[in-house]
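Asker: Here's the letter readout for the chains.
Number of protein chains: 2
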Amino acid sequence: VIAAGVEWVVDSYGCDPTVLRSQERLAALLAHVISELRLSTVAEPIWHVFADPGGITGLVLLSESHLTIHTFPETGFAALNYYSCRAAQTPWRWDTVLAESLGAARVKVRAVQRGE
Amino acid sequence: VIAAGVEWVVDSYGCDPTVLRSQERLAALLAHVISELRLSTVAEPIWHVFADPGGITGLVLLSESHLTIHTFPETGFAALNYYSCRAAQTPWRWDTVLAESLGAARVKVRAVQRGE
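Chain order of the listed sequences is A and B. The first sequence maps to residues 1 to 116 in the working numbering. The second sequence maps to residues 1001 to 1116 in the working numbering.
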């Protein structure tokens, strides 16, 4: 048995396009997630703002594994991943947090086990 | 309908621990994947080598979305993600490539649709 943690795949619909185009707002969201889940960053996050009408990508290297976001302002969609190689994982209130930070109307969360 | 591409979740078992501890070898693997799949990097990759017996993490920001790897030398396990927001995706020969590059004995590939 190789337990390699859980990857949370979080799809966020109906978000505010203005927020999805703001690196500052997205960085604040990731900082909030990192703080609330008590994660540790071990390198500077990398960000890229794509040319209009593109969105923004942010990747954070964690001691736990990674946290990423990709935004699609043209469809109000944001794709987040949070992978933690820690064995035990409990669901988190992504829906509330993303409603508040991105204006998400609906959030779909899937847990993908890594290893077996 | 919001089509936000496919995320390939690739779990690689029975890998050579020496390779899993080599940033150089892992960087060569990701460069090979990027070349073969004709992807475009838009920022310098970020890497972190964890203290022994830890593994290595690499994150690559792509114009297509992201490519990541986390290695676990103590169990011979490597967790890769390749997310592309391009709509059409065909399965790729991860098993052959990871057998050659990491010495993987077995590779499990899952396709996770993003959006709907």
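Possibly wrong hints are sitting among the right ones.
DMTMM-like cross-link-like pairs, simulated, lysine to aspartate or glutamate; straight-line CA separation at most 25 Å [to be verified]: (1) K108(A) x D95(A); (2) K1108(B) x E1074(B); (3) K108(A) x E36(A); (4) K1108(B) x D16(A); (5) K108(A) x E1116(B); (6) K108(A) x D16(A).
Rough simulated footprint, nothing fancy, chain A against chain B, three-plus residues with beta-carbon under 8 Å [what the hints assert, rightly or not]: (7) 1008-1022; (8) 1097-1105.
If we take Cβ atoms under 8 Å as the criterion, some of the chain A residues that face chain B in the derived model are [said to hold, decoys possible]: (9) A4; (10) W8; (11) L39; (12) I46; (13) L59; (14) S65.
It is worth saying that the hints were derived from the structure and are not from the lab. All values reported here derive from a predicted model rather than from experimental measurement. We treat Cβ as the ideally placed atom computed from N, Cα and C, and that holds for glycine.
Asker: Hint check: K108(A) vs E1116(B), CA-CA at most 25 Å. Holds or violated?
Answerer: holds, 10 Å
Asker: Classify the hint on I46(A) as holds or violated, based on whether any CB of chain B lies nearer than 8 Å to its CB.
Answerer: holds, 5 Å
Asker: Check whether the Cα positions of K108(A) and D95(A) lie no farther apart than 25 Å.
Answerer: holds, 8 Å
Asker: Would the hint on A4(A) be counted as holding, given a Cβ-Cβ threshold of 8 Å to chain B?
Answerer: holds, 6 Å
Asker: Please verify that hint: L39(A), Cβ, nearest Cβ of chain B, below 8 Å or not.
Answerer: violated, 13 Å
Asker: Are 3 or more residues of the stretch 1008-1022 of chain B near chain A, judged by a Cβ distance of less than 8 Å?
Answerer: holds (count 3)
Asker: Would you settle whether the hint for W8(A) is holds or violated, based on the nearest Cβ-Cβ distance to chain B being less than 8 Å?
Answerer: Since the shortest Cβ distance to chain B is 11 Å, the answer is violated.
Asker: Hey, K108(A) versus E36(A), does the alpha-carbon distance stay inside 25 Å?
Answerer: holds, 20 Å
Asker: Hint validation: L59(A) versus chain B, beta carbon distance must be below 8 Å. Holds or violated?
Answerer: Holds, because the Cβ-Cβ distance from L59(A) to chain B comes to roughly 5 Å (cut-off 8 Å).
Asker: Take a quick look at whether K1108(B) and D16(A) sit within 25 Å of each other, Cα to Cα.
Answerer: violated, 36 Å
Asker: Is the shortest C-beta separation between S65(A) and chain B less than 8 Å?
Answerer: holds, 5 Å
Asker: Would the pair K1108(B) and E1074(B) pass a check requiring their Cα atoms to be no farther apart than 25 Å?
Answerer: Given pair K1108(B), E1074(B) holds - Cα atoms ~19 Å apart, limit 25 Å.
Hint violations for this structure: numbers 4, 8, 10, 11, all remaining hints satisfied.
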